[in-house]
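Q: Chains as they are written, first to last, in our numbering: chain A, 1 to 194; chain B, 1 to 194.
Don't take every hint at face value.
[To be verified] From the derived model, a few chain A residues whose C-beta atoms are all more than 10 Å from chain B:
1) Ile5
2) Gly51
3) Gln74
4) Arg75
5) Leu80
6) Val83
7) Glu84
8) Ser87
9) Ser88
10) Leu98
11) Leu115
12) Arg140
[What the hints assert, rightly or not] Just the calculated beta-carbon pair ranges, DEER-fashion:
13) B:Lys20 - A:Gly149: 51 to 59 Å
14) B:Thr153 - A:Ala90: 25 to 33 Å
15) A:Ala180 - B:Ala191: 20 to 28 Å
16) A:Pro49 - B:Ala191: 53 to 61 Å
17) A:Pro58 - B:Pro152: 53 to 61 Å
These are calculated hints, taken from the structure and not from any lab test. Nothing here was measured: the structure is a model prediction, and the numbers come from that model. Using N, Cα and C, we set each Cβ at its ideal position, and we do this for glycine too.
So you can see what is in the structure, the chains are spelled out below.
There are 2 protein chains.
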Amino acid sequence: MTSVIVKEVERIVATDARRKMIESAVTLLAMRGLQGTAFSDVLERSGAPRGSIYHHFPGGKDQLVDAAITASGQRTVQILDAVEGASSIAITTYFLDLWRDVLVRSKFRAGCAVLAVTVATDSTELLDHAAAIFRAWQARLAELYVSAGVDPTTASSYAITLIAASEGAVALSRAQRDMAPFEEVAAHLLATTP
Amino acid sequence: MTSVIVKEVERIVATDARRKMIESAVTLLAMRGLQGTAFSDVLERSGAPRGSIYHHFPGGKDQLVDAAITASGQRTVQILDAVEGASSIAITTYFLDLWRDVLVRSKFRAGCAVLAVTVATDSTELLDHAAAIFRAWQARLAELYVSAGVDPTTASSYAITLIAASEGAVALSRAQRDMAPFEEVAAHLLATTP
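Bound conformation, chain A alone:
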């Protein structure tokens, strides 16, 4: 019985260590990009012992990066549940708020982990997973706009525009370390919300 408990505790600790490593990788990717995110930094940030990274990610850095962008992508999809049943304007406002938060909280030092990976890799696997995340965001946003009464084609087309323009606006505000570019793009996106 004790060994069962010990095993369960070990499993929880291991899962927690894995989760911390993934979270650290998300943060580092959002701040420094793909090649700027080293295993050693992930270990330092997560406080995990050196051996554990290879234990949890035997496939190496690509596997960790994959887990990180997947976690980050899924979280965004889940967070959007908050605007289920809301108006179109409320959905756009909420999505823009998510990005505004990233910029403000990080003092312009962080952006989107998925974008950072996309522009710095030619790994088909990583690109496939980044693409799947962007598609999942688009599908979820489109679904929300349809619930708000927008026709499906317009909803899907506006959703991808919202994602693309937000991603670009976050990068422009990071470069300028100023909310102005983001806010100008946000105003356009709100004004053109279907």
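We have chain A already, so just place chain B on it with the hints.
A: Quick look at chain B alone, frame taken from chain A:
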């Protein structure tokens, strides 16, 4: 006299070597991002001798990257001269065509060198230069829209939206290796051109 000619030839060769290194860096940044662009790859691609990179860029990699994004940024501003006096729709179409070309020609392997640097650095100097480039694009586009009869505030606000949304759309299409995301965003941008 001969020595003057020899010196002039040496100067031209050196300038040409420098130009080739900058061009190689632009291409590599657009394809692999900041940390994915190594001095050794720039040398290989440009065919320049090893010593020459330190001769032309004594400030190291940041100096080369700076020269590369500046060259890439200035080229975009110059290319926009082609739509001087054109209609708003023609200006938007032309700017979108520039990005469409990057995606098609590179078979989705390249994007924007300036964006790639922005999302992967915390160097204040590099961010300042990236910001200056984005501002120069915005200013030039706004000027063109004003020439086409758009009021200055709308022109400036639409210009930054066009840049941000194009940047994001290029990244989404790279992830999916498909023009669809770019074309959907492009349609929205054309439909909302002032």
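Q: Now tell me, hint by hint, if it's right for this structure.
A: Hint check:
1. Under the 10 Å C-beta cut-off, the non-interface status given to isoleucine 5 (chain A) relative to chain B holds; the minimum distance is some 44 Å.
2. With a cut of 10 Å on Cβ distances, glycine 51 (chain A) stays outside the contact zone with chain B, its closest approach being about 26 Å.
3. Every CB of chain B lies more than 10 Å from the CB of glutamine 74 (chain A), the least distance being 16 Å, so the non-interface label holds.
4. Every CB of chain B is more than 10 Å from the CB of arginine 75 (chain A) (nearest about 18 Å), matching its label as outside the interface.
5. Distance check on leucine 80 (chain A): its Cβ is at least 18 Å (rounded) from any Cβ of chain B, clearing the 10 Å threshold; non-interface status holds.
6. No beta-carbon of chain B is positioned within 10 Å of the beta-carbon of valine 83 (chain A); the least distance is around 21 Å.
7. At roughly 24 Å from the closest C-beta of chain B, the C-beta of glutamate 84 (chain A) stays outside 10 Å, upholding its exclusion from the interface.
8. Under the 10 Å C-beta cut-off, the non-interface status given to serine 87 (chain A) relative to chain B holds; the minimum distance is some 20 Å.
9. With a least beta-carbon separation of about 15 Å from chain B, serine 88 (chain A) lies farther than 10 Å from that chain, consistent with its non-interface assignment.
10. For leucine 98 (chain A), the requirement that its beta carbon stay farther than 10 Å from each beta carbon of chain B is met, with the minimum near 15 Å.
11. Remark: the non-interface label on leucine 115 (chain A) conflicts with the geometry, its nearest Cβ contact in chain B lying 5 Å away (cut-off 10 Å).
12. No beta-carbon of chain B comes within 10 Å of the beta-carbon of arginine 140 (chain A); the shortest separation is about 15 Å.
13. Range check, lysine 20 (chain B) to glycine 149 (chain A): about 56 Å between beta-carbon atoms, so the 51 to 59 Å window is met.
14. For threonine 153 (chain B) and alanine 90 (chain A), the Cβ-Cβ distance of about 26 Å falls inside the hinted range of 25 to 33 Å, so the restraint holds.
15. Evaluation of the 20 to 28 Å hint for alanine 180 (chain A) and alanine 191 (chain B) yields a pass: the beta carbon distance comes to about 25 Å.
16. Roughly 55 Å separates the CB atoms of proline 49 (chain A) and alanine 191 (chain B), a value that falls within the hinted 53 to 61 Å.
17. Take proline 58 (chain A) and proline 152 (chain B): their Cβ atoms lie about 58 Å apart, and the range 53 to 61 Å holds.
Violation of the numbered hints given earlier is confined to hint 11; every other hint is satisfied by the structure.
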